[in-house]
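Chemist: Okay, here's what each chain looks like letter by letter:
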Amino acid sequence: MPDSTFLDATELVLNMGPQHPSTHGVLRVILKLDGEKVIGTECVIGYLHRGIEKIAENRTYAQFAPYVDRMDYVAAVSNGLGYCLAVEKLLGVEVPPRAQAVRVILTELNRIASHLIWLGTHALDVGAITPLFYCMREREEILNIFEKYCGARLTTHAFRIGGLQYETYDTFEQDVRAFCDMFLPKVDEYEELLTGNRIWIGRLRNVGILTAEECKAYGVTGPLLRAAGVKWDLRKAQPYSGYEQYDFEIPTGTIGDSYDRYLVRIQEMRQSVRIIRQALDGLPGGPIMGKVPKVIKPPVGEVYVSIEAPKGELGYYIVSDGSTQPYRVRVRPPSFVNLQALDKMCRGALVADVVVVIGTIDIVLGEVDR
Amino acid sequence: MKQGGALRRFLRKVLFIDLIEGLWVTFRYQQPKYIYTEQYPAERPKIAERYRGAPRLNTNPETGETLCIACNLCALACPENLIVVNSERDEKTRRKVLTTFTYDTSRCMFCGLCEDACPVDALELTQDFELASYSREGAIWDRQMLEEGPRPTKYAY
Amino acid sequence: MAVTPWEDELTRQLQEKFGEQILEFSSYLGQNFLVARPEAVIPILEYLKAEAQFDYLVDVTAVDYPERPERFELVYILYSFERNQRIRIKTRIPEGFRPATAVPVYPTANWLEREVFDMFGIEFQGHPDMRRILLPEDWTGHPLRKDVSILDMDQRWVRQHLGIESGQ
Numbered sequence: 260m261p262d263s264t265f266l267d268a269t270e271l272v273l274n275m276g277p278q279h280p281s282t283h284g285v286l287r288v289i290l291k292l293d294g295e296k297v298i299g300t301e302c303v304i305g306y307l308h309r310g311i312e313k314i315a316e317n318r319t320y321a322q323f324a325p326y327v328d329r330m331d332y333v334a335a336v337s338n339g340l341g342y343c344l345a346v347e348k349l350l351g352v353e354v355p356p357r358a359q360a361v362r363v364i365l366t367e368l369n370r371i372a373s374h375l376i377w378l379g380t381h382a383l384d385v386g387a388i389t390p391l392f393y394c395m396r397e398r399e400e401i402l403n404i405f406e407k408y409c410g411a412r413l414t415t416h417a418f419r420i421g422g423l424q425y426e427t428y429d430t431f432e433q434d435v436r437a438f439c440d441m442f443l444p445k446v447d448e449y450e451e452l453l454t455g456n457r458i459w460i461g462r463l464r465n466v467g468i469l470t471a472e473e474c475k476a477y478g479v480t481g482p483l484l485r486a487a488g489v490k491w492d493l494r495k496a497q498p499y500s501g502y503e504q505y506d507f508e509i510p511t512g513t514i515g516d517s518y519d520r521y522l523v524r525i526q527e528m529r530q531s532v533r534i535i536r537q538a539l540d541g542l543p544g545g546p547i548m549g550k551v552p553k554v555i556k557p558p559v560g561e562v563y564v565s566i567e568a569p570k571g572e573l574g575y576y577i578v579s580d581g582s583t584q585p586y587r588v589r590v591r592p593p594s595f596v597n598l599q600a601l602d603k604m605c606r607g608a609l610v611a612d613v614v615v616v617i618g619t620i621d622i623v624l625g626e627v628d629r
Numbered sequence: 010m011k012q013g014g015a016l017r018r019f020l021r022k023v024l025f026i027d028l029i030e031g032l033w034v035t036f037r038y039q040q041p042k043y044i045y046t047e048q049y050p051a052e053r054p055k056i057a058e059r060y061r062g063a064p065r066l067n068t069n070p071e072t073g074e075t076l077c078i079a080c081n082l083c084a085l086a087c088p089e090n091l092i093v094v095n096s097e098r099d100e101k102t103r104r105k106v107l108t109t110f111t112y113d114t115s116r117c118m119f120c121g122l123c124e125d126a127c128p129v130d131a132l133e134l135t136q137d138f139e140l141a142s143y144s145r146e147g148a149i150w151d152r153q154m155l156e157e158g159p160r161p162t163k164y165a166y
Numbered sequence: 824m825a826v827t828p829w830e831d832e833l834t835r836q837l838q839e840k841f842g843e844q845i846l847e848f849s850s851y852l853g854q855n856f857l858v859a860r861p862e863a864v865i866p867i868l869e870y871l872k873a874e875a876q877f878d879y880l881v882d883v884t885a886v887d888y889p890e891r892p893e894r895f896e897l898v899y900i901l902y903s904f905e906r907n908q909r910i911r912i913k914t915r916i917p918e919g920f921r922p923a924t925a926v927p928v929y930p931t932a933n934w935l936e937r938e939v940f941d942m943f944g945i946e947f948q949g950h951p952d953m954r955r956i957l958l959p960e961d962w963t964g965h966p967l968r969k970d971v972s973i974l975d976m977d978q979r980w981v982r983q984h985l986g987i988e989s990g991q
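Protein chains in written order, with my numbering: chain A, 260 to 629; chain B, 10 to 166; chain C, 824 to 991.
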């Protein structure tokens with residue numbers, strides 16, 4: 260008889276990913292298990308690292324704009340908005356009101372699209388297949404609007420430094436209004452499918468709790484922070500691109516579990532529709548491009564500009580040395596920072612809950628790895 | 010979740026109301042008018058007018074001469090440096106004349122910066138989206154291919 | 824717009840507490856930042872967190888200036904929910920200097936500092952897990968340093984696998 264067998268081992272190390280359907284990309288999580296209880300996790304990331312920040316140092320300011328779309332590829336418009344705002348701040352360029360309003364409309368549409376992808380895939384992870392089809396169906400309408408507006412569906416490159424490249428197309432307002440009218444009843448449908456569903460509640464309630472203090476300590480932002488009861492949204496706290504004109508609520512949760520995050524995101528979609536409608540009602544006329552020099556050469560200096568992306572605070576720290584290429588572009592990715600709290604949320608949970616927690620953080624690996 | 014009394018909650022639970030509500034939603038979409046399938050490739054999908062797809066080098070429709078003035082702005086604007094423009098100077102008119110134009114679609118990310126940069130609307134991203142080729146060389150388009158424009162595939166059905 | 828001095832209640836408190844340790848209080852485009860000596864950064868972070876409600880560390884990053892004697896500039900971005908204010912703390916460190924880690928003050932610094940190590944080779948003293956995060960373990964070099972060219976990888980690969988010089 261050997262002195263010890265593998266049955267003596269109290270801890271089991273389990274490898275989850277990188278090829279795993281519920282890790283939403285190429286995330287590898289190493290789980291340390293005691294039976295089915297998780298006693299520790301470690302994330303192995305970087306499989307999708309493309310060196311976006313290094314590429315930025317070798318491109319001109321305008322040339323780098325298409326690359327930022329490829330970070331958080333389900334919310335490409337938000338990425339572009341953050342980058343454009345940062346460079347505009349460095350240049351001191353004023354964006355015309357019409358461009359600002361169109362930017363708000365497209366960014367909010369993109370927020371809805373991003374939340375729809377999250378809802379569909381998260382529900383799929385938990386076991387509900389149907390919402391995915393419905394979410395994709397509604398997202399399709401948004402992507403059609405993007406395609407008609409700027410000619411691309413996913414990596415849109417919709418905004419340029421100083422404003423917009425494209426004027427809205429003829430039926431833009433009608434299309435967006437029709438989408439808003441169509442979309443709100445669909446949100447009610449998702450809620451009918453999920454909100455009261457006992458399986459959904461059973462899987463999500465009290466899973467992956469993160470309190471407000473823990474959120475702040477781990478730098479977690481976005482819907483996760485709001486679900487913990489902190490009424491904080493950069494669109495309200497430090498408005499950009501004319502968000503101060505619009506009237507909307509910041510939905511918050513109470514205890515900060517996965518179910519609260521679901522409710523917060525559902526409410527955010529409704530609020531986005533509200534913002535879009537207001538922006539359409541007050542859509543000003545006028546030019547769509549600010550006074551930007553042909554060759555973009557910002558003065559020496561540095562700037563940090565952040566926006567409320569669908570996943571949380573997306574920041575750009577740009578250092579200019581006065582040449583046509585940025586000296587350093589640092590992206591503060593919300594998914595990367597939020598993913599760090601995975602360990603905190605998973606400790607003591609079951610393996611099946613890890614899937615829920617990964618889904619509820621709403622990571623996009625393109626943004627985690629950049 | 011609707012708030013109700015304890016009895017109501019009990020009844021909802023026992024009668025599986027929460028699950029039936031969800032099933033009713035899926036059942037409503039049984040109607041054939043909600044079917045949402047595109048019959049590609051039998052029917053070509055509708056592509057937006059501004060779609061950024063396969064590149065084309067426009068020519069003057071009457072004379073067949075290229076509109077390109079070989080200014081090289083597209084090559085400078087391209088983030089991936091995938092456009093190569095070669096030109097020579099015409100001795101008589103002292104103008105630059107385009108000789109070769111190469112566009113590497115395998116590296117292109119269809120950002121549209123080249124068509125924005127073009128001062129004479131010669132380079133254009135068209136609505137053709139079928140860019141697959143059997144080899145890597147096939148993805149590098151020369152002047153002739155670019156001027157002929159995309160030839161949408163005809164599928165035999 | 825030029826860099827202007829930054830003066831308010833907070834800078835007075837910091838000046839009183841840290842004196843010579845803080846080299847500069849400035850503001851550029853309405854964004855406040857201070858430059859401190861490397862050894863003072865963690866005490867400043869602790870002070871700001873405890874006394875001034877700067878409870879959210881937004882980002883830790885670095886910038887490489889190879890021509891300067893103190894080659895790297897470390898940047899900490901802080902935010903206060905209470906004050907709705909954002910400040911940057913910058914410090915300049917030479918090659919090989921090991922700054923203290925901010926993980927005991929802000930747990931979020933863990934991955935952010937690992938990324939700085941990965942990209943710039945700045946090792947943080949006292950960090951619980953100082954390994955590469957985005958790049959593979961066996962990677963050589965630190966890609967965001969200015970002396971690493973974007974073409975290096977391509978040229979090395981072509982030389983190794985094709986036996987010719989890369990045309991890039």
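Incorrect hints may have been included.
Label-pair distances were calculated between CB atoms; the ranges are [unchecked claim]:
1) E74/B - P280/A: 47 to 57 Å
2) N274/A - K22/B: 23 to 33 Å
3) Q278/A - N90/B: 25 to 35 Å
Residues of chain A clear of chain B, computed beta-carbon distances all greater than 12 Å [said to hold, decoys possible]:
4) Q278
5) S281
6) K291
7) A321
8) A324
9) R329
10) R396
11) I404
12) Y428
13) C439
14) E450
Hints in this document: simulated from the structure, not taken from any laboratory.
Cβ atoms here follow ideal geometry from the backbone N, Cα and C, with glycine treated the same way.
Chemist: Now, for every hint given, state plainly whether the structure supports it.
Modeler: Taking the hints in turn, this is what the structure says about them:
{"no.": "1", "hint": "E74/B - P280/A: 47 to 57 Å", "result": "holds (55 Å)"}
{"no.": "2", "hint": "N274/A - K22/B: 23 to 33 Å", "result": "violated (39 Å)"}
{"no.": "3", "hint": "Q278/A - N90/B: 25 to 35 Å", "result": "holds (34 Å)"}
{"no.": "4", "hint": "Q278", "result": "holds (25 Å)"}
{"no.": "5", "hint": "S281", "result": "holds (21 Å)"}
{"no.": "6", "hint": "K291", "result": "holds (36 Å)"}
{"no.": "7", "hint": "A321", "result": "violated (7 Å)"}
{"no.": "8", "hint": "A324", "result": "violated (8 Å)"}
{"no.": "9", "hint": "R329", "result": "violated (8 Å)"}
{"no.": "10", "hint": "R396", "result": "violated (6 Å)"}
{"no.": "11", "hint": "I404", "result": "violated (9 Å)"}
{"no.": "12", "hint": "Y428", "result": "violated (7 Å)"}
{"no.": "13", "hint": "C439", "result": "holds (20 Å)"}
{"no.": "14", "hint": "E450", "result": "violated (9 Å)"}
When each numbered hint is compared with the structure, violations occur for hints 2, 7, 8, 9, 10, 11, 12 and 14.
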